[in-house]
Amino acid sequence: MRKISIFLATVAVILGMASCDKLKEPYIIEPLVAQSDTIALEVADTLNFDGKVVVLLEDYTGVKCSNCPDAAAIASQLQEQNEGHLVVMGVHPKDNLQNPSGGFPDFRTDDGDAWKNNFNISGYPKGLVNRASVIGPAEWSTAVNAVIGDDAPIRLIIKNEFDDATRELKLSIHSKFLADATGDIRLTVCMMEDNILGKQVTPTGVDTAYMHRHVFRGTADGITWGRAFDNSAMTIYAGRNFITNMKFTVDEAYNAEQFYIVAFVTNDDDKSVLMAAEKKIK
Amino acid sequence: MKRLLLFAVLSLCATMMYGQGILEKSKVTGSFEIDGSYYWSDSGIGITEENINGENFGAYGFGKLQYNLGNFTAGMRFEAYQTTPMSGFDTRVKGMGIANYFATYDNGTIGVTVGDIYDQFGNGLIFRTYEEWTLGYDNSLRGIRAVFRPYNGVTVKGLYGKQRFYWASYTEERGLVRGIDGEWDLNQSISSLNSARFRATLGASFVSKYEQGKTMTDADLVTYNLPENVGAYAGRFNIGYGRFALSAEYARKINDPSAFNNWIYRDGQEVLASLSYSQKGLGAVLQVKRVDNMSFKSMRTATQNDLDLGFIPPINYTHTHSLPSMFSYSTQPNGEMGIQFQVNYTIPKKTALGGKYGTKLAFNYSQVNDIKRDSIVVNGVNTLNEMGTKGYDSPFFAIGDRMFYRDLNFEIEKKVSNKFSFTLMYINLYYDMETIEGHPGAEPVKANIAFGEVIYKINRKNSIRLEVQHLWDNIGKDHEIEVGHEDNYNKRGNWMAFLLEYTIAPKWFVSVADKYNYGNPIAEKRDHYFTGSFGYIKDQTRIAISGGRQSEGLVCVGGVCRAVPASSGVSLTVTTSF
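Chains S and Y supply the protein sequences, listed in that same order.
Numbering-wise (my numbering), the first sequence opens with residue 1 and increments by one.
Numbering-wise (my numbering), the second sequence opens with residue 1001 and increments by one.
If you're looking for bench data, these hints aren't it; they were derived computationally from the structure.
Glycine is no exception: its CB is placed at the ideal position from the N, C-alpha and C atoms.
Please note: incorrect hints may appear among the correct ones.
Examples of chain S residues toward chain Y, derived with CB under 7 Å [unchecked claim]:
#, residue
1, Ser19
2, Cys20
3, Leu23
4, Ile29
5, Asp45
Just chain S, with the same shape it has in the complex (with noise of 0.2 Å):
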């Protein structure tokens, strides 16, 4: 009798242990920019859009890996084949592949890491459609087809406003819910560059001028999951908008002319992509 006392008077404390979430402040977190600096759709925005799903494919490449140029290609070629309907990133990740001693360029990004880690790609290259499973370049095509042409569960649209002078980017990002959506919803915004000379290890040995694709600089707000829309609701139900606005000085290093930014938003339980959208920031 004693001993189920003292039992229960444990689980009791347990239980107070366990149910309480006491939370320290701040207890908000303010937006980064403020809600009256929406840059607001256009007609033309909406016109545009047909209604059919934007897939990703996730390039985790190297500067020293020598099958990349290949991998590369395929890719820049899938995307010509769906134009509009396939956002290519390059990934970086922080393995001795993308080292870049000996003159080789930086590309390596923290969140292109932490992403290589969650999936557990060891070995370039390697691809991700629409976050489903690794797979390698010959297996890209046939992935990006089998979801290319589908309904897009969310209409996915990035507004921008660039000063050149001071090299401020705004970016309001257009999220509308065509179907219901359960699991916890996040977006994800990266900053991408396109076309940069520099030096890449091929097969035949080292290309001093090759042309880099669609290299992935890092997420945009720092959030390398991305950031929730509403972790309040199971569902985010169809018919549901969100704008999710930014602002930031794009780096004296990247080239403007080439710069651009990839949304995409996926489902952070499984870590699928359910949309993709890009845009030139010039």
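Let chain S serve as the given structure and place chain Y on it in line with the hints.
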């Protein structure tokens, strides 16, 4: 799932009943009630066909059955609410089905209940589930409860489940609730105290709710960090010595930002204390209460009385007479401080003042004020009750300037002879309509009410009762009405009321009554609310029919109120139990 459980419960019952002698030991009890109303338009009190919206007929009813065999009990309640806008119920209550079912096994040492649970920890400050038919209120917990009584006088209870939310499915998003309560009755446990004059009970409880969602983003894109687990704990004691009794309970809740408290992160606290004295012919009670941010619900976006886990006991006199009950107090979970003092004294019989049969006197004073709320500094700016902050500071013993309610009443009840008795009551009332009824801009009610009742027993079976009331409001016929706020004056101004009831014991009664708002500042609202009732009572069955006009009012039970609109119609109520 629920059909499976019901089937299992019923099968278990049936199987058990086939056993030898089972039927003799089984006990089945139950009760039924049905209320049906037919409403019609009444231009005199401003009820148009548009108000009724084609829904003239409203009905609601329930049937409860309980089966008991030794240590096993099972029960269910079927209910149907086919209400109309005239009924004054929340529209979400509409529906029908098995609203409640449970099965319990309790052998005195261990008890387990599965199904829909009604229970209370202490005074219910952090956990009370109950149902109140007249309010359309039911916040039962569907889950499991275990009760353990390891020693005499020691009870430990644990429970886990999800609350009922009208007819919404239990798979829908709502908080999960877990709680534990312990109580120790020293007089039962300690043999030397078994028959002592000194009595003591100690208790403690802990309740936590889990609701998914670590953040929430509002329309202005501000993100709020939210606690998924919100815990509340309480401690209590009851001490008695001879004719004195003292009891107190203290409850505290950690940060619980919600729609009800404007998303502030301040801890909640509540104290309830009572001191009483009782002897033959004399009783006195003094109660105090302080509530600070203690709305505790199992869903953070819930409002009104939805999904309440905690219960705030009212410490006010509950008026049952028709005029004072129009201004009943409803508790304010965001903050209130109250006091109540009551004395009951019976002047002994066969004395000069007491008369042949004695005279009962009762005095009651209660007052409720807001708590004091001081602004706090957030990011260098003085703020008060702003979302996403701690809200305010509130010194524990400081009383807020705003008075919500005050009631001073005095009652005399006297039996003059075998045939004749009377009751007289005077009430002075202050009622902050703006806060209590949520009517912005409404002026407070400052009223004096007189009540008189006379009962005359014609013979052993027949008696007649007459009730006369008058209310003097501080707002008179010539009062200037604020344009756009005419609805705030629906029950303002002077009233007079009477009720005449004739009873043929034990079965029949008939009554007529009228309430007349002759002093309403808006001439069109100076209406008579005339009603007639007729009823039949036999054993446990009661049938009553009433018809006429009903004024706008409140139905309040335990400080929780439901607003009832003015209506015209006829209704039938049948209740029975077995």
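Structure-based check of each hint:
| no. | hint | in the structure |
| --- | --- | --- |
| 1 | Ser19 | holds (3 Å) |
| 2 | Cys20 | holds (4 Å) |
| 3 | Leu23 | holds (5 Å) |
| 4 | Ile29 | holds (4 Å) |
| 5 | Asp45 | violated (20 Å) |
In this structure, the one hint that does not hold is number 5.
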